[in-house]
Structures are given as C-alpha cells and as structure tokens.
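So the sequences go chain by chain: A and B.
Per this note's numbering: the first sequence = residues 1 to 358.
Per this note's numbering: the second sequence = residues 359 to 797.
Honestly, the hints are just simulated from the structure, not real lab data.
If you want the footprint, here are the derived chain B segments under chain A, 3+ residues with CB under 8 Å: (1) 389-401; (2) 425-437; (3) 445-452; (4) 545-556.
Only pairs whose alpha carbons sit at most 30 Å apart, straight line, appear in this in silico DSBU-like list of lysine-lysine: (5) B/K497 / A/K93; (6) B/K736 / B/K705; (7) B/K534 / B/K604; (8) A/K150 / B/K787; (9) B/K703 / B/K475; (10) B/K787 / B/K475; (11) B/K475 / B/K428; (12) B/K759 / B/K747; (13) A/K150 / B/K533; (14) A/K93 / B/K475; (15) B/K475 / B/K700; (16) B/K523 / B/K759; (17) B/K604 / B/K523; (18) A/K23 / A/K10; (19) B/K475 / A/K150; (20) B/K576 / A/K150; (21) A/K150 / B/K531; (22) A/K350 / A/K10; (23) B/K705 / B/K497; (24) A/K10 / A/K348; (25) A/K93 / B/K787; (26) B/K736 / B/K787; (27) B/K497 / B/K700; (28) B/K534 / A/K150; (29) A/K150 / B/K604; (30) A/K129 / A/K201; (31) B/K523 / B/K747; (32) B/K747 / B/K497.
Just so you know, even glycine gets a beta-carbon here, dropped at the ideal spot from N, CA and C.
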Amino acid sequence: MIYRETGQFKSSYESDQALFPIKQDRYVILGVLIVTFGVVPGLLNEYWLNAILLPFLIYALAALGLNILTGYCGQVSLGTGGFMAVGAFSVYKLMIAFPELGFIPLVLLSGVITAAVGALFGLPSLRIKGFYLAVATLAAQFFLIWLFNKVGWFFNYNASGMINSPPMTVFGVIITGPEGDMTGKYYLVATFVALFALVAKNLARGRIGRNWMAIRDMDIAAELIGVRPLIAKLSAFAVSSFYIGMAGALYFAVWLGSAEPTEAFDINQSFLVLFMIIIGGLGSVLGSFLGAGFMVLMPILLKNIMVDGFGTDAALAAHIEIITVGVLIIGFLIVEPHGLARLWRIAKEKIRLWPFPH
Amino acid sequence: MNIAKLTRQAVLALLAMPLLSGVATAYELTIPSLDYRTGPYAPNGIPFANGYGDYLHMLNERDGGINGSKINLVACETAYNTKRGVECYENTKGEGESGALVYQPLSTGITYQLIPKSSVDRIPVFSMGYGRTSAANGKVFPWVFNFPATYWDQATVFIRYIGEKEGGMDKLKGKKIALVYHNSAYGKEPIRTLEKAAEQYGFEFLQLPVDHPGQEQKSTWLQVRQERPDWVLMWGWGVMNQVAIKEAASIRYPMDHFIGVWWSGSENDVLPAGDAAHGYLSGAFHQPGGNFPAHDDIRKYVYDKGMGLGERDRIGEVLYNRGLVAAMWTSEAIRKAMEIHKTNKIKGVHVRDGFEALDVDEARLTELGLPGFTIPVKITCENHEGPGKVALQQWDAKAQKWSLVSGFYEPLRDITAPLIAEDSAQYAKENGVVPRICG
Numbered sequence: 001m002i003y004r005e006t007g008q009f010k011s012s013y014e015s016d017q018a019l020f021p022i023k024q025d026r027y028v029i030l031g032v033l034i035v036t037f038g039v040v041p042g043l044l045n046e047y048w049l050n051a052i053l054l055p056f057l058i059y060a061l062a063a064l065g066l067n068i069l070t071g072y073c074g075q076v077s078l079g080t081g082g083f084m085a086v087g088a089f090s091v092y093k094l095m096i097a098f099p100e101l102g103f104i105p106l107v108l109l110s111g112v113i114t115a116a117v118g119a120l121f122g123l124p125s126l127r128i129k130g131f132y133l134a135v136a137t138l139a140a141q142f143f144l145i146w147l148f149n150k151v152g153w154f155f156n157y158n159a160s161g162m163i164n165s166p167p168m169t170v171f172g173v174i175i176t177g178p179e180g181d182m183t184g185k186y187y188l189v190a191t192f193v194a195l196f197a198l199v200a201k202n203l204a205r206g207r208i209g210r211n212w213m214a215i216r217d218m219d220i221a222a223e224l225i226g227v228r229p230l231i232a233k234l235s236a237f238a239v240s241s242f243y244i245g246m247a248g249a250l251y252f253a254v255w256l257g258s259a260e261p262t263e264a265f266d267i268n269q270s271f272l273v274l275f276m277i278i279i280g281g282l283g284s285v286l287g288s289f290l291g292a293g294f295m296v297l298m299p300i301l302l303k304n305i306m307v308d309g310f311g312t313d314a315a316l317a318a319h320i321e322i323i324t325v326g327v328l329i330i331g332f333l334i335v336e337p338h339g340l341a342r343l344w345r346i347a348k349e350k351i352r353l354w355p356f357p358h
Numbered sequence: 359m360n361i362a363k364l365t366r367q368a369v370l371a372l373l374a375m376p377l378l379s380g381v382a383t384a385y386e387l388t389i390p391s392l393d394y395r396t397g398p399y400a401p402n403g404i405p406f407a408n409g410y411g412d413y414l415h416m417l418n419e420r421d422g423g424i425n426g427s428k429i430n431l432v433a434c435e436t437a438y439n440t441k442r443g444v445e446c447y448e449n450t451k452g453e454g455e456s457g458a459l460v461y462q463p464l465s466t467g468i469t470y471q472l473i474p475k476s477s478v479d480r481i482p483v484f485s486m487g488y489g490r491t492s493a494a495n496g497k498v499f500p501w502v503f504n505f506p507a508t509y510w511d512q513a514t515v516f517i518r519y520i521g522e523k524e525g526g527m528d529k530l531k532g533k534k535i536a537l538v539y540h541n542s543a544y545g546k547e548p549i550r551t552l553e554k555a556a557e558q559y560g561f562e563f564l565q566l567p568v569d570h571p572g573q574e575q576k577s578t579w580l581q582v583r584q585e586r587p588d589w590v591l592m593w594g595w596g597v598m599n600q601v602a603i604k605e606a607a608s609i610r611y612p613m614d615h616f617i618g619v620w621w622s623g624s625e626n627d628v629l630p631a632g633d634a635a636h637g638y639l640s641g642a643f644h645q646p647g648g649n650f651p652a653h654d655d656i657r658k659y660v661y662d663k664g665m666g667l668g669e670r671d672r673i674g675e676v677l678y679n680r681g682l683v684a685a686m687w688t689s690e691a692i693r694k695a696m697e698i699h700k701t702n703k704i705k706g707v708h709v710r711d712g713f714e715a716l717d718v719d720e721a722r723l724t725e726l727g728l729p730g731f732t733i734p735v736k737i738t739c740e741n742h743e744g745p746g747k748v749a750l751q752q753w754d755a756k757a758q759k760w761s762l763v764s765g766f767y768e769p770l771r772d773i774t775a776p777l778i779a780e781d782s783a784q785y786a787k788e789n790g791v792v793p794r795i796c797g
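So here's chain B without its partners, still in its complex pose (with noise of 0.2 Å):
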C-alpha cells in the first residue's frame, strides 16, 4: 500500500465518520463487542473477548448467522476505560442496517453509564453477573438484564457454603469473615449484603479495600494477619487477584478458606501463585474445561480455518468460557426476539422482548453443544437476574485445573430481595422513572 492510497483511504475515513452508515447488501446483526486488550485488566478482557467473538463467529461459519442472518461483530477497545467505552457506545451504536442489537459493557463504570443511555436508545444492555445488582428489577431497569446471578446472589452463596463448612448457619455467630475488596463501585457491592448477613448471621464483618490497580496488598493482609479472620472473601480484579492470592500464601493463610468472586477466578490469577494457590475457591455459573461439543465446533469452524481471536490451546479457559456463555445467551435472546416478530430484521427494541422470554433449559443447553454447561436460565419481565444460583469451583495447582466442587446453590433471598427492591426505589426516585407493571 503506497502513501497516496494510505493518505487517500484515511481522508475517506474522515468523511465518512459523520456519517456511520455502512452499505448494507444482506440484513447484518450488529453485535459490539466492547474488549479491553490493552490497559491494566487486558489480561481478563483478552480470553473474555475471545470467547464471546469465536462463539459468534462459529455461528456465523456453522450455521450461517442466527436463523441465517450473518452476525456483524464489531470489535472497539475500551481499555476498560468508562470515557473510551462511552465513546465506542456512541461510536457503535448506530452501526450497520440493524443497529447495535445488545451492549455487553464489561466494567461497573461503563455499565453505569450505558443503564440511562440504554432506555432512550432502546438497545438493552446485557451486564452478565456485574454491573448494577438492583437492575435485577426488571420493572425499574426495563432495559438492563444481570442474569444469571448478582453479586449479591454470589455473596449470601458464599454465607451459606462457609455455613455448610462450619456445620450450620447456626456456627455463624462469633465467626470473622473479612472481605479483601477493589476500592471501586465494583468491589463495594457485596458490602451492603454482607452487612445485613453478618447482622442476620452474628457473624463479624471486616472490610478491607485494596486501591486501584492492587498491586499493593501488603498492609492489607497483614491486617488479615493481625486479625485472623476465619474466611477471607475477596471481590478483586486484574492484578489485584494475582497479588492477593500470592500475599495470602506468603502469610500462610488457608487457601481453601479463601474465597474469590467469579472475577477472581481464572488461569490468569492463581498461575502465577503456582502452588501455592493450590485450593483457593471462587465463585462461577459455568463450567470450566474446553471438552464440550461447542467448543469442538468452534475449532472445527473457527479455528481451523485460521480465524481464531485467540490461541487455540486457551480455549476453554475461564473466562473464556465466560465469553462463550455470554455469547451463547445473547444469541439465543436474538433467535427468540426473531421468533417473536416473525422476522429476521430486528433491532435493539426487539432484542429486549428476546431477552425477556428467554428460556434456556437443560434440553436447549444440549442442543447448543454446551449440556451441563451452566444452570437453566429463565428471564421475565420482572426478574432480570435469573435463577441467581451460583456454584464455587477450585483450583488444583497439580493439574493445573479448575474444577466445580459444589452444586449451584440458591441465594438468601430474604436478604437479597429487599436490598433490591430499595435500591431500585431509590433509583427510581432519583432519576424520576416510573416503574412499569409486569404481565
């Protein structure tokens, strides 16, 4: 490619920016995929983003798209960066014939930014496990889906498997239970629930924040060490889980009383601990292991034929999979919006009443290729999170593996429900929604 043509190519480039329409020749679903490879957390954002853009992709080689319309992912980097990923929502919003069809925003800041931008847009925004816990209620938050669980689902989890291993709920009471947190709107979210279990529970609460990025944990845990907490829960992120899990080992700290959210839990955090991080816990929804028949497609279709995002033996990873299942849903809540409307041309307003019936069970999953991949998701219109069941998997240092090592438990309802009913009213309130009536 000579200058001239460079100079010439990026002066149409620069035209064409105002205008964003592309010339569309078939009915292309746009998909934005809005990936961090660069920054702090590219380490997480990267197998994420692999997963969700290769399940794409293998539908699109296998089957042809969904019901044979080709999917148009569009890729734009956030670098886990709110400005950035208010900049690609804008960028990408109006992409393409059918518009961008559903957001995955990926962080806490730019979920929180796309929650009022996606009512007006009307393109919902699929903040799988994360984001905003109170968007669970469906009637305040119409437009924003959190399934399948919350992180306050995840932490009254935690309150019953550290119960179950203490011999009863009972065993509670008199017990210490600190909880190693990203000092940011993400790591604050179980607080307030994990405030209300202790006072439920009698247990004793400690919070410890760890700043942004985490590589700084040693007052921290010597604060874990001073105080001995009996569990050590920790809501951490990028670097920060790598570190935490290195500094609990180097104070000795029993890893199988040390229990990550599903974010802490991949290859990326526990590897470089090595053996020592052997036993650590973390919560999840799906499945690890890249042996299920998806995962054969999607090197048979995609991989094969070079058109991989990422290399071929992580697949399967953690947060691959994690991708993956994300992909999974929201394709299927696209199949569902396209049987709703009896049509194929569908927007993000369509995607929404997709999303609201979805139904993916046992016997779906098995068509999928993904069967016993993760638990049976049924979406209303009132209830966006789910069935909120979460399970705890850990990891074996000697074969290098995670593996599930409970059965997906229900939350604590009674403590979760009414903290979102409140924390909705209070959006509500704030922002002056008016809450819609279900059914």
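Looking at chain A on its own, in the form it has when it is part of the complex (with noise of 0.2 Å):
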C-alpha cells in the first residue's frame, strides 16, 4: 500500500532509466543520507563514531570493492587484505612525500596505484577460474604482504616497520593524526563511502557492469555475444582493487592511524571482506553495506550486551561472542543463502503486496 510504483508515471527516458525509479526508493535513499550527514554526527559520542561507524564504513567500502570482483565480476579473490595493505602503503608514501596535494587527491592516488597492481595480480585470472584463481590472488595477498615486511623503503625504514600517518588537513580540519577530528574524519569517510556507493550502483547497471555479469553468469556465452573477457575482467580487477585501496588508505590513515602489515592487513582481513559480502549478498550495493554491518556491529553489539549489559566476565563473554557469531554465519546462511540483501528484496516483495498478498 505504502511501497509501490502504481500511480508513479515515467514521461521521459531519464525518469524511466534512474537509479532509483520508485519515488518511496528515493526518499528513503534521502533520508538515509540525511541522518548520516545530519544526525549522527551531532547524536553519537567518539566511541561511537570511532570504535563502530568509522570501520563500518571503511569495511563497507572495501566490501563494495570486492562485491564487484567476485559479485558482480564472479571472480573469487582472497587477496583483499594485500591490496588493502597496498593502498595504505602508498597513501603512507603520498603523505609523506607530496602533502601538499591534499589528502583527499592521495586517497584518490593510492586507490589508482592499487588498481594498476590489482589490474597485474588480475592478470591470471584470463586463464585459471574458480577456485584456482582464488589461490592465485591468495599468493598476491602473502606476496604482498611479505614484499611490506621485507622492503624497507616502504616503512621509510623504520625500527620496527610500523608505519604512522602524519597529520593532514582537509578543509582546514585536521583529518588524520591523533590530533584528528572524529566528526571530521566521519564526514570524510561517509562522503567517499556515498559517493563511491552511488558510482558503484550506477557502474553495476551500465554497460560496463553488465559485460561483469555477463562474465560472471557464463563467460563463454558471453565471449560469443561479443564480451571481451580481457578488458571485462581486468577493469573489474582494477575497478575493485580501486575501491579496496582507498579503503585500505582510510583504514590506515583516519581510523588506524598506525598499522605493521602483518597484522593490520593479515590473511584474516581477505576473509572478513569476503564473509561480510557472502553474508550481505553477492552483487549488491546494498548487500555490501548489511555484510559489513554485521560482521563489525555484531561482535561490538554482542560483547557490550554481555559485558555491560550482564556482567559477563569479559573472557567468558568473547568465547560466547565468537560462538554465536559463528551459529549466526551458519544460520543466515541456512535461511537464505543469497545473503541479506535477498531477505530485503523478499520484504520489499511482500511490502508492494500488502495488504492484499495475492
């Protein structure tokens, strides 16, 4: 009754072809955005934004970069902690050797320095599929990691290879640095997470996604219509590996603000972006965005309750944390293997229907 496109007539191509062609789509889109930029900065404390909001949108960001590898492209990588590490390491070099192009320019660099090694590491993927590319990106990840861990030019030779973001400004703000502002660097990471959600949505539905999916759904049928494998699944390489160094820079640079690779950008941070888009739902802007809130808020959510909320013992409590995250993985996925983003779908289904469900 409330959710459907009855009565709302397209007149023009433009109407007919926008993002978001149902009216209540926009306005929900509109608000969700008004209460990111204009409540919450004012409503949460630094706790929240620090400890929750920023690596949620950080993780959404490089969820969204992966989501348009393996789901929209249908190419598995496990390398998204390598080129996460890639992005920071170059923000890291930017920072310290050209800050007088801004931050904003040098996240922008260093996600394009990550496409050009994530377009290289792609290479492979022209000739092996499925899980032997997934091996291969496996070996970018551990190469990657190693070549940061050996190469001393990359830490400027520090004593103990950690790398420490220097402090910059946008807008006379202070954004990175322990100085940096915590409503500041929301507002940065939210605008670059919107901005590069909206890219993604409008990538996915044009001719570039759809050359993705036709790669994804059958490579061979799409070759014959005409799909160029080569420029299909390097652009996705590089387009993801865009997305995950910027967020890899962000990471490193506003919410870390110091990070050793080994540890920061670790095997188990390829699989926490993969978990968060299986579970949020491959292919999906949004799916990304739910896949990432659970995997950051669930464990936040479920220690605070225990801890807090009970009195826990704080031991005891994150053994029943890794458990339930764990049965909650498991039973999600029994419930609907197509991720949340497909129980959104469902509900927005059921929503049109209503009240009359037949």
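Take the two lone chains and join them into the complex the hints point to.
The following block contains the structure:
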C-alpha cells in the first residue's frame, strides 16, 4: 500500500532510467543520507564514531570493492588484505612525499596505484578460474604482505616496520594523526563511501556492469555475444582494487593511524571482507553495507550486551561471542543463502503486495 | 533469569551504550585491564591478567583500595588484536567518575595505537618493558612510560652477558650471534641495537625471522644448524617460544647459549620441551616464585574469599609475577599522584605526574611485601625507562622452576642512548611534536 510504483508515471527516458525509479526508494535513500550527514554526528559520542561507525563505513567500502569483483564479475579473490595494504602503504608514502597535494587526492591516487597492482594480479584470471583463481589471489595476499614487511623503503626504514600517518588536514580540519577531529573523520569517510556507493550502483547497471555480469554468468557465452573477457575481467580487477585501495588508505590513515603489515592486513582481513559480501549478498550494493554492518557491529554488540549488560566475565563473553557469531553466520546462510540483501528484496516484494498478498 | 528479563536487560544495555556513564557512589579509581584470554597468545595473556587483577583486588580487600579509594578494575578482552584493543580503549576510557587512569596495553600493536591517543586524551600509557623503545625519552613522549627497561637495554645486556661468558667484551670479535624473532613490530625492535653492537664489538649478526604465529620453524632451525651461531637470542611470543625451544632441542643446540627476551621466558614456554629445555636462559626484571609476603596476602585476602582470577597453584609463575609487578608500579604511581595533588579524586592527567615522580626503592618494596622482588625504579620527567637494568634467569627442568642466575646488568648506554635520541627525534619530526622542557 505504501510501497509500490502504481501511479508513478514515467514521461521521459531519463526518469525511466533513473537510479531509483520508485519514489519511495528515493525518499528512503534521501532519508538515510540526511541521517548519515545531519543527525548522526551530533547524536553519537566519540566511542560510537571511532569504534563502530568508522570501521563499518571503511569495511563497507572494501566490501563494495570486493563485491564488484566477486559479486558482479564472478572472480573469487582472497587478496583483499593485500590490496588494502597496497592502498595503505601508497597513501603513507604519498603523505610523506607530497603532503602539499592534500589528503583527498592522495587517497584517490593510492586507489589508482592499487588499481594498477590489482589489474596486474588479475592477469592470471584470464587463464584460471574458480578455486584456482582464489589460490592465485591468495598468493598476491602473501606476496604483498611479505613485500611490505621486508623492503624498508615502504615503511621509511622505521626500526619496527610500523607506519604512522602524519597529520593532514581537509578543508582546515585535521583528519589524520592523533589530533584528528572525530566528526571530521566521520564526514570524510561517509562522503567517500556515499559517493563511491553511488558510482558502484551506476557502474553495475551500465554497460561495464552488464559485461561483468555476463562474464560471471557464463564466460564463454559472454565471449560469443561480444564481451571481451580481457577488458571485462581486468576492468573488474582494477575497479575493485581501486575501491579496496581507498578503503585500505582510509583504514590506515584515518581510522587506525598506525599499522604494521603483518597484523593489520593479514589473511583474516581478506576472509572478513569475503564473509561480509557472502553474508550481505553477492552482487548487491546494499548487501555490501549489510554484510559490513553484520560483521563489524555484531561482535561489538554482543560484547556490550554481555559485558556491560549482564556483567559477564570479559573472557567468557569473548568465547560466547565467537560461538554466537559463527552460529549466526551459519543460521543466516541456511535461512537465506543469497545473503541479507536478498532478505531485504523479499521484504520489499511483500510490502509491495501488502495488504493484499494475492 | 527468564527470557523477558534477559531481553529487557539487553535493551537497557543497548540504550546505555552511548551514555557510558555509571552512577558512582564513592569515588572509584578506574583501571582498565586489556586482557587477552582468547586467541593465539592467550596462554601468556592469562597469567599476566591474573597477576594484574589479583594484586589490585588484594589492595581493595586488604587496604580498601589506594589511600581508601576503591579500585574498579574494568576488564576488556582484546585477543591481542590491535583493532579490538582500540575498541576496548574507546569503550573504557570514559568509564566511571575518574575515567580510565592508566592503560597497560600489553601488545606492541595496541601500544603504538595508544601512544598518539594518550596525549590527546591525557591518559598515561604504561607499556612496561615493551612497546616503543624511544618512548623512554619523556620529552617527546610525555604520556608514555616503559620502565623498568626497554628492549634495547635488554639486547645490550644480553651482549654484555655473552661477553662475560666468553671471557671479555673483546672476545666477541669474530663470534656469531643469531636473532630468532617474531616477524612483527615487536620482534624487529632489537635489530637496530644489535646491528650497532655488532659493529662496535665485531661479532657477526644473523637475522632469522619467524612469521606469525610461529608454529613452523623447521627452516629457521635448519639455518641455525648450518650456520652454527655461538649464541642464539630470541624475541618470541606465544606458541613461537615453545616451538623454538623444542626445535633448538631437536638440533641439540646448547640451551645455555640460547637466550630469550623476557616475554620468552615463562613456564608455558619451557614445559612443553620437557627436560630438553634445561638450562635455557631468558631476560627478567623481577624474581620468579610465589613466596613473597604480597603473594601470601593475595592468597589470604583474594583466593581464600574465592575471588581469585586464576588457579591458586599458579600464583608466582613468571608471567603472573609480571602482571603483579605492573599492578604494583601502577598503584604506587596512583598513590604518588594522590600525594602530589592532595586529593583522592584524581584523573589520568594527575596519574602521569604520579608516574613522573615515582620512586619505588628497596625500602618501599619491603613495605609492599616484595623485598628484593625487582630493581628500584625512579622515574623523572625526561627519563621514562627507569634504571634499564636487566638480569638473566635460567630454567631448571628437574626442579621445574626459574631462578635468577645473574645480577642486574647496566645496559650499554653508549649504544642505546643515541638510538633513542634519534628515533624519538624522528617521531617528533614526523608527527609535529615539540619536545617539552624538563625541570
């Protein structure tokens, strides 16, 4: 009754091809944006912004990137941690070498560098598929981390191999470094994520996105109808790595502030982002957000309920949390193998028919 | 507890999350404890957290806290993971009326995260014998304390010990010393110092990294077997230690020429290797064993009341004592801060003053029920690493106990001091810190 397109007539091609053709969708998106930018920063304290929302947004960006590659183009990648490290180390070197360029261009630039590295490691995808490709990207993960841990140039020959983000400002607000303004950080990351989520949504439904999906669904058929696998696969690797690189740059420079490659970007990072898109929903922009939310928020939520709510012993709570998150993942996947985004789609269908389900 | 009540509490907990302020009755001293009782390093994290918590609980039970103010120990589980550690920090820093008074981050990664945050939030970080070595320079790192000694002090003490055993520092020439290290920020800390020392004394320095978590070390020890270094030093942690000791035993490397850092010298590390670990050495800055009067008080006031965090018969293990000594220095710093500011209502910013005026000498240690337990520590505005003295302890596999086998050595300050000055200056430059003026 509330949610349906009846009565919304399209009188031009533009309106028919709009990103969100249904009016209610546009209102919801607008509402989300207003809440994100207008309400949230004033409402929440530093703990919420720094410990919950920043990682959620940054992981959502990384999940978007991986979703482009795995969800839309069907290429399984276990190299996310490595590519995030490329973004982080690029932005670190750039921040040291060219601080005058400004932080936002440097993040974009480190995304571009990661895109090049990603495309390079995407080359094997032209020959190998499926699990074998996963192994090739796993090699990228281990190689990149080894490289950043081994070669002193990347971490400016720091005695401990750690990188620290120097202070930088955006529009006069300190974003990185210890003095960084929390609200400023939030706005910057939220802007990046909102903007690039929009770009992803657009890419996915355009010609490039359709090429990717054709490759994903059946690459030989796609080739026969004129999709060039070389371009499609490598562009998916490049665009995906661009997103992941930016996420890595923000992850290091804005959120963590300092990082060591072996811990911050290890293989668990790759799995975490992969779980996010599997749980959230492959091939869905919304799914990337839902998955990131689930994997970032759920453990913290459980911990806070148990420790602050019931006064459970911290160690016991940690064990229960591991079990619960595992059970929830399995549970969700049994109930809905296509992820949370699919649940949302079903819900939408239901709302559309409500109150007359037949 | 029924479901409805559970749900209600869960909802209340959720609602309370953003507020984070409890209703305090009396002024309590909030001391967060970043434990890691889960994850790959849990066997080492548990005894430390027990020692830390038991000592503070004992103060609460015996003396009613510090100068009459109760301590509120807030445990938060990090699993030795940096991101969770940061979440814990953000979650606990505003806890209670006092706010968090001091952090003991317990992992190099978390310490590096907290160093810049501490100066903004004005909460001191006490990274006891770990973390960033150049934090010893209190002018650049006013909020970080890493006494009683740093990794660099320790590395030079090992070199001194080796020199002594070889019959003089000049005998080090031409010797070969290998470092088996955890391939992370923590493990890399001593490399630069050892390189300097190698230059100065003319020994050959061999680096053998071991990747996290360190279960696979066959190739490392094969290299040791081929290269036959005269001495092996180890910067290991968690499961890596036990594996290394077992591997060393399997290639019949002489254990009394194998020295671990103080994080590689606990019961957990040597017991799995059995008799083969006999004679293994490690650094130490406090005594092992559970027969000090303070331990008796912990048994009497904490364990007899059933409030102990761990098992009674594990009191006095090396890492338990390490947690205990950390709690002792922390509580002394808080006491000092109360004296300086003449109030019990102190905050983190005051505790830093307490740390900078900390002076725990032998007489005070005896008063605290820990006579001869550790070295006297005196901290000043510019010196945050304290005495820097390190002793060596040796494992006796038959008696199954550690004992100190050497006195406390002075570090080779001619090597460490310039390195600290250089590294802290680089940090100051990169992060735009203006070194403060002391005194």
